[in-house]
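Since the structure of chain A is provided, determine the placement of chain B on it from the hints.
2 protein chains.
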Amino acid sequence: MTQSRVTIRDVAAAAGVSITTVSHVLTNASGKRIAAETRSRVHRAADELGYAANPVARTLRTRRSQSVGLVGDEIATTPFAGKIILGAQDVVRTHDAVLLVTNTAYDVELEQREIRALLDRRVDGVLYAAMYHRVVAVPPELRGEPVVVLNARTEDPTVSWVVPDEYTGGWDAADVLVRAGHRVLGMINDEDDIPASHLREAGFRARCAAAAVPDADVTVMFGAPNTDGAFEPAIRMLSQGERPTGVFAFNDRMAMSVYRAAAMLGLRIPTDLSVVGFDNLEIITEGLYPGLTSLTLPHYEMGAWAAEQLYAQIDAPAGAPVPVRTAKLRCPVVHRASVTSPPR
Amino acid sequence: MTQSRVTIRDVAAAAGVSITTVSHVLTNASGKRIAAETRSRVHRAADELGYAANPVARTLRTRRSQSVGLVGDEIATTPFAGKIILGAQDVVRTHDAVLLVTNTAYDVELEQREIRALLDRRVDGVLYAAMYHRVVAVPPELRGEPVVVLNARTEDPTVSWVVPDEYTGGWDAADVLVRAGHRVLGMINDEDDIPASHLREAGFRARCAAAAVPDADVTVMFGAPNTDGAFEPAIRMLSQGERPTGVFAFNDRMAMSVYRAAAMLGLRIPTDLSVVGFDNLEIITEGLYPGLTSLTLPHYEMGAWAAEQLYAQIDAPAGAPVPVRTAKLRCPVVHRASVTSPPR
Numbered sequence: 001m002t003q004s005r006v007t008i009r010d011v012a013a014a015a016g017v018s019i020t021t022v023s024h025v026l027t028n029a030s031g032k033r034i035a036a037e038t039r040s041r042v043h044r045a046a047d048e049l050g051y052a053a054n055p056v057a058r059t060l061r062t063r064r065s066q067s068v069g070l071v072g073d074e075i076a077t078t079p080f081a082g083k084i085i086l087g088a089q090d091v092v093r094t095h096d097a098v099l100l101v102t103n104t105a106y107d108v109e110l111e112q113r114e115i116r117a118l119l120d121r122r123v124d125g126v127l128y129a130a131m132y133h134r135v136v137a138v139p140p141e142l143r144g145e146p147v148v149v150l151n152a153r154t155e156d157p158t159v160s161w162v163v164p165d166e167y168t169g170g171w172d173a174a175d176v177l178v179r180a181g182h183r184v185l186g187m188i189n190d191e192d193d194i195p196a197s198h199l200r201e202a203g204f205r206a207r208c209a210a211a212a213v214p215d216a217d218v219t220v221m222f223g224a225p226n227t228d229g230a231f232e233p234a235i236r237m238l239s240q241g242e243r244p245t246g247v248f249a250f251n252d253r254m255a256m257s258v259y260r261a262a263a264m265l266g267l268r269i270p271t272d273l274s275v276v277g278f279d280n281l282e283i284i285t286e287g288l289y290p291g292l293t294s295l296t297l298p299h300y301e302m303g304a305w306a307a308e309q310l311y312a313q314i315d316a317p318a319g320a321p322v323p324v325r326t327a328k329l330r331c332p333v334v335h336r337a338s339v340t341s342p343p344r
Numbered sequence: 001m002t003q004s005r006v007t008i009r010d011v012a013a014a015a016g017v018s019i020t021t022v023s024h025v026l027t028n029a030s031g032k033r034i035a036a037e038t039r040s041r042v043h044r045a046a047d048e049l050g051y052a053a054n055p056v057a058r059t060l061r062t063r064r065s066q067s068v069g070l071v072g073d074e075i076a077t078t079p080f081a082g083k084i085i086l087g088a089q090d091v092v093r094t095h096d097a098v099l100l101v102t103n104t105a106y107d108v109e110l111e112q113r114e115i116r117a118l119l120d121r122r123v124d125g126v127l128y129a130a131m132y133h134r135v136v137a138v139p140p141e142l143r144g145e146p147v148v149v150l151n152a153r154t155e156d157p158t159v160s161w162v163v164p165d166e167y168t169g170g171w172d173a174a175d176v177l178v179r180a181g182h183r184v185l186g187m188i189n190d191e192d193d194i195p196a197s198h199l200r201e202a203g204f205r206a207r208c209a210a211a212a213v214p215d216a217d218v219t220v221m222f223g224a225p226n227t228d229g230a231f232e233p234a235i236r237m238l239s240q241g242e243r244p245t246g247v248f249a250f251n252d253r254m255a256m257s258v259y260r261a262a263a264m265l266g267l268r269i270p271t272d273l274s275v276v277g278f279d280n281l282e283i284i285t286e287g288l289y290p291g292l293t294s295l296t297l298p299h300y301e302m303g304a305w306a307a308e309q310l311y312a313q314i315d316a317p318a319g320a321p322v323p324v325r326t327a328k329l330r331c332p333v334v335h336r337a338s339v340t341s342p343p344r
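Just so you know, the sequences run in chain order A and B. Residue 235 in the numbering used here sits at position 235 of the first sequence, with consecutive numbering throughout. Residue 113 in the numbering used here sits at position 113 of the second sequence, with consecutive numbering throughout.
Please keep in mind that the hints were generated in silico from the structure rather than gathered at the bench. No incorrect hints appear here.
The list treats identical chains as interchangeable, and a pair is accepted whether it falls inside one copy or across any two copies.
Below, a list of computed lysine to any residue pairs in the SDA-like style, where the Cα atoms sit at most 20 Å apart:
#	residue 1	residue 2
1	Lys-328	Tyr-167
2	Lys-328	Leu-86
3	Lys-83	Asp-107
4	Lys-83	Ile-283
None of these values were measured; they are calculated from a predicted model.
Bound conformation, chain A alone:
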């Protein structure tokens, strides 16, 4: 008898239990109280018959729960990444399912309880989502479940993830400025050691170099990523002898304090100084005057991409390998009125 011929029915018959019980045991289904003795009988039967308990055996579940969980750190409670939920939800709806969102508030114990609650409720899969792009470890409770990491990366090669393309974002921010003619450029970067700060700066510098702007004419300073954080570095940067005529701020909140520093120094935007932000937080970009050119984080698109990948796992036939995919999604530039050619 070849391995491929062994079915779950054979295992059930050999172990003297139902097919459902075999499925629960081999998929390690949570929320099922199955006696340890039964579990070991099922595993023994499966081993003896050469039945491969594979990670997608979970699709043997007799019916879908028509729900997907989104475990987020603080996506639902802060103003920055809510569209992740909208993007995921729009895809989940096309599968006639609902999205159940939890908020861990970075509390590991709470996160475990929430994951347990979702698995107990037999969600069909879990989106594990971060408010800002970082490297995460997938909680062990989610092993063997359909899972996609959203707005974060993971080092686990068996897990799919999606993040914004930060490097290209930095490149495109510089591109807007060099195409407008700027040859002395500045970046006010987030002082935090996170992927976005490193990658946006690398992309920004690379685009400047590609435009043959000398390194000496590219100034990078650092501040906290809030509405006050860029003020002091911007004052320093813009008081230099040969000051930058185009500045890229790590995010829109920092761009807000670049506007303030410029006003303080008597520099008009965009005539004397061009500014590019990041996040396209409309409250800021459309509230500032002149409107701020900024890059959009693809929150909606990442949410939708992740939900689609999750369903690719959920829908994979039993026995098929789980498809693993990763993606960096582009951050489109939204042009407003804060960039023009440099003063002569």
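The following block gives chain B in isolation, referenced to the frame of chain A:
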């Protein structure tokens, strides 16, 4: 035999079914397939014995699911009311339970599916929450379940709700200005017909009247509640002969365009013009220069209050009346640098 002596055991015995089945039938538990014949036998037995199927009979459920649902319109996906979730969650945690959040996106059909999904998962109760203060109808699916309406009012007298105290908010905004000495005042109100616009204006006018400011010296103009909406009305208001020296903007986004109008007219804040906002959206209030004095919507406190009331219902003993409470929570003033005494 008095009615109070009849127990669920008696009904179960008379109907020839289990206590659990009686409980499911009488609480109209969702997700339970019970034959129509069984249902009517249970109802008949309950009627004959005079057993009162009351709205809190649901607490007869043998065990708690240790979860609470939050059905929100777009709280989790927009930047304005996320702290509602945080406040609710902090209370839910003290009950060793988790909060499952759904987002209806104002779609009635989706909302029904989400409520059904939550009830199928046997949540212990539901918070029915709105992104902004309005009047809502509690969906019929939630009848008989523990439910609290959050950041909205309902006309159903059996349902508890909590909203911000908008009238006192308007009163307090005027209070900040009249105490600083302003005698000619303006409000730029939201043009939408919602409780907040009517009540804030009424409170604002009442406080002006209490300070003996003549009606003729209180100007109210209207605009859309966004970062651009107050610009044109503010230009008109501040170009008047005897212009207001203190202006209350319906929200911080509108205050942002009051700042812009003031700059355009050469009026300095706060020396020439004092400004008070509403929402205390920190991205704006701390990003504007000078920092914007604003009122905080008590989102966190409303979330916590609603979750506490929900648990009062969940924990009510079987047969006890469901406690109904309503609350208007104060919107505290956060003083920053945008208000001073009027120019002489």
